[in-house]
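Novice: The residues making up each chain are set out below.
Protein chains: 2
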Amino acid sequence: MESVKVKCPGTLSNLCCGFDILGLALEEPYDIIELRKTTTTDIRIHHLDAFDLPLDPKQNIAGVALQAMLDHLQSSQGFEIVIEKMIKPGSGIGSSAASAAGVVVAANILLGSPFSKKELIAFAMEGEVLASGSKHADNLAPCIYGGLVLIRDTATLDIVELNTPPIYISIVHPQIEIKTSYARSILPKEIALKTAVTQWANVAGLVSGFLQSDYDLISRSLLDVVAEPHRSKLIPGFEEVKLQSMAAGALGGGISGSGPSLFMLSKDRKTAELVTKEMKTVFDDLAIESKAYVSGVSKNGVEIIS
Amino acid sequence: MESVKVKCPGTLSNLCCGFDILGLALEEPYDIIELRKTTTTDIRIHHLDAFDLPLDPKQNIAGVALQAMLDHLQSSQGFEIVIEKMIKPGSGIGSSAASAAGVVVAANILLGSPFSKKELIAFAMEGEVLASGSKHADNLAPCIYGGLVLIRDTATLDIVELNTPPIYISIVHPQIEIKTSYARSILPKEIALKTAVTQWANVAGLVSGFLQSDYDLISRSLLDVVAEPHRSKLIPGFEEVKLQSMAAGALGGGISGSGPSLFMLSKDRKTAELVTKEMKTVFDDLAIESKAYVSGVSKNGVEIIS
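For the protein sequence lines, the chains are V and R, in the order given. For the first sequence, the working numbering gives the first residue as 26, with consecutive numbering after it. For the second sequence, the working numbering gives the first residue as 26, with consecutive numbering after it.
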């Protein structure tokens, strides 16, 4: 096999109380990456999108992730990476993870699948380091495994796949900019023990709700008393989006990743469509341009298209 | 029905990372409470044990819990409570909860079952307030529901029953005294966000492990980075107990409630027996007297004996 084209799903991380530990793979939006073996020894990158991302493989997330894999293999195989990015960088829907995960899954296929999913995450994390300065897997793990995943431990990459009942996601990306590093800097370094207990009670409720297909419990547990009180201030209309979404039948939701995108979960696609419409209307009323998605859960993560 | 005798299970609260939110009902040890309607209008209490607990119903946990129910009913029915306590007060195995839960379940039976389990917890919590000064349900909920339970929210008594695969518990109660109030006072009021994330990642892992019958995941998640580092210092031999228990095949464990009892979970009874023996030996070697139990999970909580 000389070339492969893969679909690289956007991902929702945090899921309210699941700050830094839960991630969910989305059907929409997604990137497309085509990877081709070349007869040279270098990595060449083309972008079919207009996001003006760096083409130097040392400065490009996909390039860095692929190089990490090749370094491990002590391989000098050359590659051409063609990226059609549809997940806007900085949207909070795992744009950098889609690049890093997509390219390592594609390369693994072209190289005869020498690596496990867990090993692929380790390579892709090098791309995340370039993107955000820290090793984190809460977008990469769902992107590579698909579905809902728990990252129990990042150091050992202890990834737990969690079954969910049918669930649909509304995502609205208001066109405002929030740097991940800034969204992280405004979080307190310490939190009250009482607050922490509330958060992990909700984490336990949310995980139980998913695994026991208990939508009411999912709804009651979709709370974030740690990050949301700080980060929601950066997003105009946040409270109104929540209010209108719940009124339209959403189970609950909050900030996707570190924002600015907001997400809501619903039991069925019809409700999710209604919720998305309500969410978008709030931003329209504030004269903030926004992009909206209604998505199912991507069960498989990165997938071969051709 | 004029009288009823119930078996009131001891309970394990916290379960390492599940600080303040998880509780498990035990087959051993347990108390026995006999409740009899009388023709008077007062509550009389007899203890068949030698723990020298107050017999004044206003000072006795069972008396206070029963009175809370009668006040709610505006009833002046008199009762005689005969308590045979086998769970030593202050052991960290839910002694006060067994008294409070047992008496309200028994009274509910004698009064024609007007109350739900959740309502019974609310009455029994008045007994816990007398015992510890705070409303908490992490021993009461498993005592009344049986099995493993999550207290997602104490204010609304949002109780979630969690299925577990077969699990056996080793408990060793070293005869040292730790006041619950002191064990609570030595905990920090604030914790690092990073520490909190580690704890709720393990909570998510532990809940997933139980619900998905994944013993390895249960074992990897049975960690407590919040309370144990502080409270374990109050228990001589703590690290050695852990070390020997793991070597003997335990999945993991820690402090039961706020101590001083220690618990370990195992996959089968034979391992739990071996683990219990190893735990007890550590205290024997330290010349600390201890009482040991090997227990299955009480599936039903408080049960009618006759």
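Worth flagging that the hints you see were computed from the coordinates, not collected in a lab. One thing to keep in mind: the hints can contain errors.
Repeated chains share a single entry, so a pair holds when one copy, or any two copies, can fit it.
Simulated crosslink set (DSSO-like; lysine-lysine; CA at most 30 Å straight-line) [claimed, not checked]:
id, residue 1, residue 2
1, K214, K160
2, K113, K219
3, K160, K30
4, K32, K295
5, K142, K219
Novice: List, from low to high, the hint numbers that the structure doesn't satisfy.
Specialist: Every hint satisfied by this model.
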